[in-house]
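A.B. asks: Residue numbers (this note's numbering): 6 to 222.
Think of the hints as simulated: they come from the structure by calculation, not from any bench.
Note that the structure is a prediction, hence the values are computed from the model and not measured.
Beta carbons are placed, not taken as given, at the ideal position from N, Cα and C, and that holds for glycine.
Be a bit skeptical, because a hint or two may be false.
As the list claims (entries may be wrong) - Ranges of calculated distance between the beta carbons of each label pair, as one might list FRET restraints:
(1) K26 <-> M113: 27 to 35 Å
(2) A152 <-> Q93: 14 to 22 Å
(3) N192 <-> P14: 35 to 43 Å
(4) A106 <-> E54: 34 to 42 Å
(5) V68 <-> Q194: 23 to 31 Å
To be verified - 20 Å max Cα-Cα, derived SDA-like pairs, lysine to any residue:
(6) K172 <-> R24
(7) K124 <-> Y183
(8) K156 <-> F209
(9) K156 <-> S189
(10) K151 <-> P122
(11) K120 <-> T139
(12) K124 <-> K172
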Amino acid sequence: MSLHVLDHPLIHENLAIIRDKHTTAGSFRSAVDTLTGLMAYPLTEQLPETQTTVLTPLMEAKVARIASPIVLVPILRAGLGMLAGMQQMIPEAAVGVLGMARNEKTLMPEVYYAKFPDKLSEAEVIVLDPMLATGGSAAEALTELKAMGAKHLRMACLVAAPEGVSKLTLEHPDVDIYTCALDSGLNAQGYILPGLGDAGDRLFGTEVVLQDEQHAK
């Protein structure tokens, strides 16, 4: 596994916007779209290509095309916020959906909904979740995708904590992680610090972010 912490002025600028508690829901969503679109470049940099030909208005031309289908898998609900930006850059990508919730008895994440395209084993799969905190949901999502046949997986998040990175490194050493920031860690409640608040609530306008609150999925 490799951890890729993306470093670019446009990433820094939009990351500052989503960290700011005064940012409106609309501006937050716009910045997330921009960040996710920028992430598409490094996420797809190593994709296999195939050589083919096309007809231009003037003559035949040799071109390179992505060799494998791409499947985007947002983890509900916050992962949906990263979908539009990625689709803007990869419009032909198929979309799978993975819903997860914590079992109140075991306190472990469980899958309550999963819908994926056919032939997942042939696809390059990009999992989308803005916050990688403890890593529990991400690890379970990757386990579920592998059980469904996925072989080529990448994890994309906006902000990660070292604890979540360590968990994925241990449980899924074959999966590369791409993030816009590696934060300092988690507080006693398991929330990322300094973080950006609850990504789902800020994307969908379902909760006011208070000064002393730090939320993460």
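A.B. asks: State for each hint whether it applies.
C.D. replies: Hints and how they fare:
About 31 Å separates the C-beta atoms of K26 and M113, a value consistent with the hinted range of 27 to 35 Å. The beta-carbon spacing between A152 and Q93, approximately 30 Å, falls outside the hinted interval of 14 to 22 Å. Checked against the hint of 35 to 43 Å, the pair N192 and P14 fails, with Cβ atoms roughly 29 Å apart. Checked against the hint of 34 to 42 Å, the pair A106 and E54 passes, with Cβ atoms roughly 39 Å apart.
For the pair V68 and Q194, the supplied restraint of 23 to 31 Å is violated, since their beta-carbon distance comes to about 51 Å. In summary, the hint linking K172 to R24 is not supported, as the alpha carbons are separated by about 24 Å, beyond the 20 Å threshold. Straight-line distance between C-alpha atoms of K124 and Y183 comes to about 24 Å, which puts the hinted pair past the 20 Å bound. Between K156 and F209, the direct Cα distance comes to roughly 32 Å. Violation of the 20 Å bound is thereby established for this hinted pair.
At most 20 Å may separate the alpha-carbon atoms for a hinted pair to count; K156 and S189 exceed this at roughly 31 Å. For the suggested pair K151 and P122, the alpha carbons sit about 14 Å apart, so the restraint of at most 20 Å is met. Of the pairs offered as hints, the one joining K120 and T139 is violated, with about 24 Å between alpha carbons and a cut-off of 20 Å exceeded. The straight-line distance between the Cα atoms of K124 and K172 is roughly 28 Å, outside the 20 Å bound, and the hint therefore fails.
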